[in-house]
Amino acid sequence: MIRFDKVLKAYGALEVLKDLDFSVEKGEVVSIIGPSGSGKTTVLRVLMTLEDIQGGTIYVDGEPLNRMDVNGQLVEASKAHVRRIRAKLGMVFQSFNLFPHMTALQNCIESPIYTQGLSKAEAVEEATRLLDMVGLADKAGHYPSQLSGGQQQRVAIARTLAMHPEVLLFDEPTSALDPEMVGEVLSVIRDLAKSGRYTILLVTHQMGFAREVSDRVCFFDAGKMVEEGVPGDLFGNPRNERLRQFLSKVLEAS
Amino acid sequence: MNRIGIVVALIAFLVGLSVATFAELRVFLPAILRGAVVTVHVATLSIALFLLLSVVAGIGRAYGAAPVRWLSVLYIEVFRGTSLLVILFWMFFVMPEFGLFLSPVAAGVLGIGLNFGAYGAEVVRGALAAVPRGQTEATIALNMSAFRRMTRIVLPQAVAIMIPGLVNLTIELVKATALVSAVTLSDITYAAVQQNQLHFRTVEIFSITLMLYYCLAQFVRFGGAALEDRFSRHRARRA
Ligand SMILES: Nc1ncnc2c1ncn2[C@@H]1O[C@H](COP(=O)(O)OP(=O)(O)O)[C@@H](O)[C@H]1O
Ligand SMILES: [Mg+2]
Numbered sequence: 033m034i035r036f037d038k039v040l041k042a043y044g045a046l047e048v049l050k051d052l053d054f055s056v057e058k059g060e061v062v063s064i065i066g067p068s069g070s071g072k073t074t075v076l077r078v079l080m081t082l083e084d085i086q087g088g089t090i091y092v093d094g095e096p097l098n099r100m101d102v103n104g105q106l107v108e109a110s111k112a113h114v115r116r117i118r119a120k121l122g123m124v125f126q127s128f129n130l131f132p133h134m135t136a137l138q139n140c141i142e143s144p145i146y147t148q149g150l151s152k153a154e155a156v157e158e159a160t161r162l163l164d165m166v167g168l169a170d171k172a173g174h175y176p177s178q179l180s181g182g183q184q185q186r187v188a189i190a191r192t193l194a195m196h197p198e199v200l201l202f203d204e205p206t207s208a209l210d211p212e213m214v215g216e217v218l219s220v221i222r223d224l225a226k227s228g229r230y231t232i233l234l235v236t237h238q239m240g241f242a243r244e245v246s247d248r249v250c251f252f253d254a255g256k257m258v259e260e261g262v263p264g265d266l267f268g269n270p271r272n273e274r275l276r277q278f279l280s281k282v283l284e285a286s
Numbered sequence: 023m024n025r026i027g028i029v030v031a032l033i034a035f036l037v038g039l040s041v042a043t044f045a046e047l048r049v050f051l052p053a054i055l056r057g058a059v060v061t062v063h064v065a066t067l068s069i070a071l072f073l074l075l076s077v078v079a080g081i082g083r084a085y086g087a088a089p090v091r092w093l094s095v096l097y098i099e100v101f102r103g104t105s106l107l108v109i110l111f112w113m114f115f116v117m118p119e120f121g122l123f124l125s126p127v128a129a130g131v132l133g134i135g136l137n138f139g140a141y142g143a144e145v146v147r148g149a150l151a152a153v154p155r156g157q158t159e160a161t162i163a164l165n166m167s168a169f170r171r172m173t174r175i176v177l178p179q180a181v182a183i184m185i186p187g188l189v190n191l192t193i194e195l196v197k198a199t200a201l202v203s204a205v206t207l208s209d210i211t212y213a214a215v216q217q218n219q220l221h222f223r224t225v226e227i228f229s230i231t232l233m234l235y236y237c238l239a240q241f242v243r244f245g246g247a248a249l250e251d252r253f254s255r256h257r258a259r260r261a
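Keeping their order, the protein sequence lines are chains A and B. Its first residue numbered 33, the first sequence is counted upward by one per residue in our numbering. Its first residue numbered 23, the second sequence is counted upward by one per residue in our numbering.
Read the hints as simulated data drawn from the structure, not as lab findings. Using N, Cα and C, we set each Cβ at its ideal position, and we do this for glycine too. Check the hints yourself; a few may be wrong.
Short derived list, chain A residues pointing at chain B, Cβ under 7 Å [stated by the list, open to error]: (1) Leu40; (2) Gly44; (3) His133; (4) Tyr175; (5) His237.
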């Protein structure tokens, strides 16, 4: 479903992703762990086209994201091509990024109406269903400033789902939350992971949660994927020295 | 805050009126009120031009392609760096030398609009920059078009941020219209100077003048406050 082929991402001289090869199968739930600054967020951001890449190719569903095939030649992708591929992806941000001037419901219907051409009634029906699913049916008319962090993140998840993506990208979805709100958000993500309807890429520091929901866990260090495996192996029997150090630090902290 | 403004305006009005009554306001008030009509006329047109230029040059500088951006920067820097009075002289006295004859109202409106638009553009640009980057990223992740992003997400939030700055400039603008008397327009200030020369009622005439400008400024301020309320409702309504 997703394939990074020798992807290079650099900010000036700083290479953040170094010839990264990495792939995710359709329907797979993959967690990315690793120390701060190792490039985890960048993996999601280049995939979501929030950043361009300096080398290599990213494939989504077999099609290159940043370039397109014209008569057998790969050329710079057109806007239409990027938008068509991007429609398969949805991203949930660490800091929610809800639209503050819109209610929870308006946040969830804005793009479906204008991007997918839904009628307002259809969009409202779908958004209402999704807000209900994340346990916020009664908050539809609230502005983000009237909601707790956990509630805001659940609205953000509903907003993403309203676009019917096939792939969900979560960038530390609970890192900005007070501890008592982490559970409510994880429980929504757990349901999504268990539903089997989505390919999920989750960047997280919640090792217990990663172990519980993931089919596979990838450890990133300094812009490379250093180790990957099923959660039991990776956490139970880490081979890489850096991973061992990382895990012992994380366990110490919690 | 608003109540204090109303009370002050009322007191100023009553003081002005009693002073003027005492001085047989019939003698000079009609001329000054005719001046007020000219001031309001010039101010209204200038405000329209000022707001238009602020938004166009502000967005141009923030988001325009290279040529648009450079044009915006050039416009902003030229008109911020020059005196309004001198620009008005240029519009009215110098342009005819190049074959461009402007009516006094056109010269006044153009000069004021161009000058204040340069300041307004910076307010608009600052407001656009103050909308968090995460908002744009969310619109990309939701696959919204650049046009929708601007009109539905970025601009509405930027407007709420730019209103106080633009209201300030609008008040400044209303008061700066006093300079159009220099290009032969009979506005409030011109009428006051003229009536004073005729009747020597200095205190009364300039009390009325002061009061009129104050009332116009209050009018703008209340309008701005209402707009600000309207655009930041989502922040005010905390449950
Ligand atoms: N806009 C940027 N400009 C320069 N360097 C950046 C930028 N964004 C991220 N980086 C750098 O890229 C590296 C990887 O960042 P990131 O992917 O956010 O790491 P992680 O999410 O694993 O903590 C870090 O060293 C960070 O400082
Ligand atoms: Mg990160």
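Hints versus structure:
no. : hint   : result
1   : Leu40  : violated (21 Å)
2   : Gly44  : violated (19 Å)
3   : His133 : holds (5 Å)
4   : Tyr175 : holds (4 Å)
5   : His237 : violated (20 Å)
Checked against the numbered hints listed earlier, the structure breaks hints 1, 2 and 5; every other hint is satisfied.
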